[in-house]
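Q: Protein chains in written order, with the working numbering: chain A, 1 to 104; chain B, 1 to 532.
Mixed in with the good hints there might be a few duds.
Said to hold, decoys possible - Computed, partial: chain B to chain A, Cβ under 7 Å:
1. L160
2. L212
3. T214
4. M218
5. W222
6. A226
7. N227
8. Y228
9. T229
10. R231
11. A237
12. A243
13. S327
14. I331
15. G332
Claimed, not checked - Computed footprint of chain B on chain A; a stretch qualifies when at least three of its residues, placed anywhere within it, have a C-beta under 8 Å from a C-beta of chain B:
16. 43-55
17. 60-73
18. 79-90
Claimed, not checked - To list a few chain A residues with every Cβ distance to chain B over 10 Å, as calculated:
19. W13
20. W15
21. L16
22. V23
23. A25
24. T94
25. A100
26. R103
Simulated from the structure, these hints should not be mistaken for laboratory data. Predicted model only: the values in this text are computed from it and were never measured. All residues carry an ideal CB built from backbone N, CA and C; glycine is no exception.
Spelled out, the chains give:
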Amino acid sequence: MACRDSLSIGPRWRWLDVTLRIVAAVPMGYAVASLWAMALARMLPGARSEATVTGTLVAFALCAFAAMYAFAARSGVRAFFVLLTLGAIAGCITWTSISAGGRL
Amino acid sequence: MNKGFRQSQSTLHTWSGLLLGWVLFLVFLCGTIAFWREGLNRYMRPELARVEQPMTVLAGAQAFLQTKAPDAKSWSITMPNTRIPGSQVFWQPQPKEGEEPTRGRRGRGDTRALIGEDGQVVEARETRGGEFFYRFHFDLYYMPVIWARWLVGAAAMMMLVAILSGIVTHKKIFRDFFTLRRQKGQRSWLDGHNASAVLALPFHLMITYTGLVTLMAMLMPWAILANYTDRDKLSDALFPSSAEVERAGQPTPLVKLTSLVLDAERRLGVPAGFIQVSEPGDASARVTVNAASSATLSSRTASVTYNGTNGALVWQSPPSGPAATTSGVMIGLHAGRFADITLRWIYFLCGAAGTLMVASGLVLWTVKRREKLPDPSRPHLGFHIVERLNVAVIGGFPFAIACMFWANRLLPVAMKDRADWEVHTLFIGWGLALVFVLVRRPALSWVALLGATGVLLAALPFYNLLRFNQNLLTPLRTGDLLPAGVDISLLIIAAAFVAVARRVASYKTGQAKRRSRRHADPQTGLMLEPAE
Chain A
1 MACRDSLSIG PRWRWLDVTL RIVAAVPMGY AVASLWAMAL ARMLPGARSE ATVTGTLVAF
61 ALCAFAAMYA FAARSGVRAF FVLLTLGAIA GCITWTSISA GGRL
Chain B
1 MNKGFRQSQS TLHTWSGLLL GWVLFLVFLC GTIAFWREGL NRYMRPELAR VEQPMTVLAG
61 AQAFLQTKAP DAKSWSITMP NTRIPGSQVF WQPQPKEGEE PTRGRRGRGD TRALIGEDGQ
121 VVEARETRGG EFFYRFHFDL YYMPVIWARW LVGAAAMMML VAILSGIVTH KKIFRDFFTL
181 RRQKGQRSWL DGHNASAVLA LPFHLMITYT GLVTLMAMLM PWAILANYTD RDKLSDALFP
241 SSAEVERAGQ PTPLVKLTSL VLDAERRLGV PAGFIQVSEP GDASARVTVN AASSATLSSR
301 TASVTYNGTN GALVWQSPPS GPAATTSGVM IGLHAGRFAD ITLRWIYFLC GAAGTLMVAS
361 GLVLWTVKRR EKLPDPSRPH LGFHIVERLN VAVIGGFPFA IACMFWANRL LPVAMKDRAD
421 WEVHTLFIGW GLALVFVLVR RPALSWVALL GATGVLLAAL PFYNLLRFNQ NLLTPLRTGD
481 LLPAGVDISL LIIAAAFVAV ARRVASYKTG QAKRRSRRHA DPQTGLMLEP AE
């Protein structure tokens, strides 16, 4: 692993590690959950209203798991970049889908 | 599971549980009480008799509305049953020329009335009754509703994280469930926290997740945004209703609602819960009958719409899709309106376990840290704040609720804004408790507040006995178990408060003994240690 284990980070940088984890857990966790809710709402088959509701229902679980991951990750930096990547993937799916298919 | 993962989740559990823990306590407590919303609506209006003949009340409601608001834009009628105190009716006046039709505010006194069991308007004492607990549970009070809902939503999300990380943290989830080490200080608090959490774990997970779902359109609007430019299109797809009608301007009498309701109940297969009449007294009148939410698991109740002048069926709600049904069932599970008396008690007891879980978790935070303080008599600011907030909220809010119950009985019936003053009394009581907590030591405040709550709640049934001449034999005569049931429950809850107050009072002396013994028992005290 390129990322260092958070336990090996000296006390001088602990505040940064914890701050990154909190940023990853709260605003990013919500953003990733929201973006995946959008991506699911776009990609799931069936009626649009059904896909919208499914995406929303699932999003709360994603939000909780993102927060758990942010603290379980080997380091705050890693948590930050993993969630950033996950959010970017969902964002790309949503953006591509909306620009191709439009909204109701 | 590796040790690092569990430790990381332990930290997360501690802080996600603590930061909005006091909000969670209020939400859990009021939500739990709100499972008896309908019962408390009746208990807090002791003048009202129980409804025995719902159709008599409905006919009375129609007669009342026909004289009071013959050319209203719409009428809404709650179908009475034996659980609710009569039929609540609302009407919305015709909008003035060139004015947008306003959504009638239900709270306004001049466009609503309560029809009692004899079909006449009843004048009961003004009170919010159980509705207060229901609204406070997600709207709080004295603050804009939208802020309150975001705050409650954030607290619920943190609760979900706290529950999930708590499960991970918990090594021996089943063994510990059967363990309750009494009088062991921190271990006892931890055991109590674990027992109340694990005992009703499926309930806690369900109620937290479904609680988020009730606010989902506000908390998580992004999926809607991804698919719709106009939110109304989604509403139309999810909550279809019969087409709106244009007022014809030809006076035509409305059919008898009782016969329509009987027909609707046959078509729906369940009792009616709510009746909406648009353009009553006009040729274009429409009557929509909704199924009772007490009869279906889903909060999305089926409905049928009739032509209001000849009683012909014009529309029937289509079955909803799987996702929409899932969300409806989740909201229905959260509100528990479908629950009969046995299931309602289970809901209530699980909610009480959740309230105790939050309370014991908050107390555990201080108990775990107290022994490690450099000087326990002069704790640091963070500890000080948590400790005082715990007493002010966990001890103070039940005391405030007891004050409100008394205000419901003692405020003059003719008082202006009486219902508001009942609620103000709650917050005045809470404010007094807060002042007490700030000036006295926490150990003393705990005993005083818990004890006072117990005494106030215990005295209420005796007041009822003297004032309303209700006693334990009354239900045998009338067949109405509710007032006596609430009184007995209050006595049991009061006894629990007094018992806890006595325990806390005796804990002080026990604590000194344990402190001297602690050196001989190094095992006590180090479990669930956060990675700090």
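Q: Are the hints correct? Go through all of them and say.
A: Verification of the supplied hints:
Annotation: interface hint on L160(B) holds; nearest CB of chain A at approximately 5 Å, less than 7 Å. The restraint placing L212(B) at the interface with chain A holds, with a minimum CB-CB distance near 5 Å, inside the 7 Å limit. The beta carbon of T214(B) is not positioned within 7 Å of any beta carbon in chain A (closest approach about 11 Å), and the interface hint is therefore violated. The beta carbon of M218(B) is not positioned within 7 Å of any beta carbon in chain A (closest approach about 11 Å), and the interface hint is therefore violated.
Given hint, W222(B) at the interface with chain A, holds; its Cβ is 4 Å from that chain's nearest Cβ, closer than 7 Å. With its C-beta approaching chain A no nearer than about 4 Å, A226(B) sits inside the 7 Å limit, and its interface hint holds. The interface hint given for N227(B) is met, as the beta carbon of that residue sits about 5 Å from the closest beta carbon of chain A, less than 7 Å. A least Cβ separation of about 5 Å between Y228(B) and chain A falls short of the 7 Å threshold, and the interface hint therefore holds.
The interface hint given for T229(B) is met, as the beta carbon of that residue sits about 5 Å from the closest beta carbon of chain A, less than 7 Å. The closest approach between the C-beta of R231(B) and any C-beta of chain A is roughly 10 Å, which is over the 7 Å cut-off, so the hint fails. Taking 7 Å as the C-beta cut-off, the interface hint given for A237(B) holds, the closest approach to chain A being about 4 Å. The criterion of a C-beta within 7 Å of any C-beta in chain A is not met by A243(B), whose closest approach is roughly 19 Å, and the hint is violated.
The interface hint given for S327(B) holds, since its Cβ lies 5 Å from the closest Cβ of chain A, which is under the 7 Å cut-off. Restraint check, I331(B) versus chain A: the minimum CB separation of about 11 Å is more than 7 Å; hint violated. For the restraint placing G332(B) at the interface with chain A, the shortest Cβ-Cβ distance is roughly 14 Å, beyond the 7 Å limit, so the hint is violated. Coverage of the region 43-55 of chain A by chain B holds in this model, with 10 residues showing a Cβ closer than 8 Å to a Cβ of that chain against a need of three.
Requiring three or more residues with a Cβ within less than 8 Å of a Cβ of chain B, the coverage given for the region 60-73 of chain A holds, as 9 such residues are present. Given a C-beta distance limit of less than 8 Å, the hint that chain B covers the region 79-90 of chain A is violated, as 0 residues qualify and 3 are needed. Here W13(A) stays apart from chain B, with its beta-carbon at least about 16 Å from theirs, past the 10 Å limit. Non-interface call for W15(A) relative to chain B: holds, since the shortest CB-CB distance, roughly 13 Å, exceeds 10 Å.
Distance check on L16(A): its Cβ is at least 16 Å (rounded) from any Cβ of chain B, clearing the 10 Å threshold; non-interface status holds. Here V23(A) stays apart from chain B, with its beta-carbon at least about 14 Å from theirs, past the 10 Å limit. Residue placement check: A25(A) does not keep its beta carbon more than 10 Å from all beta carbons of chain B (closest about 8 Å). Chain B draws T94(A) into its interface by the beta-carbon criterion, the shortest separation being 6 Å against a cut-off of 10 Å.
No Cβ of chain B approaches the Cβ of A100(A) within 10 Å, the least distance being about 13 Å, so the stated non-interface status holds. With a least beta-carbon separation of about 5 Å from chain B, R103(A) fails to lie farther than 10 Å from that chain, contradicting its non-interface assignment.
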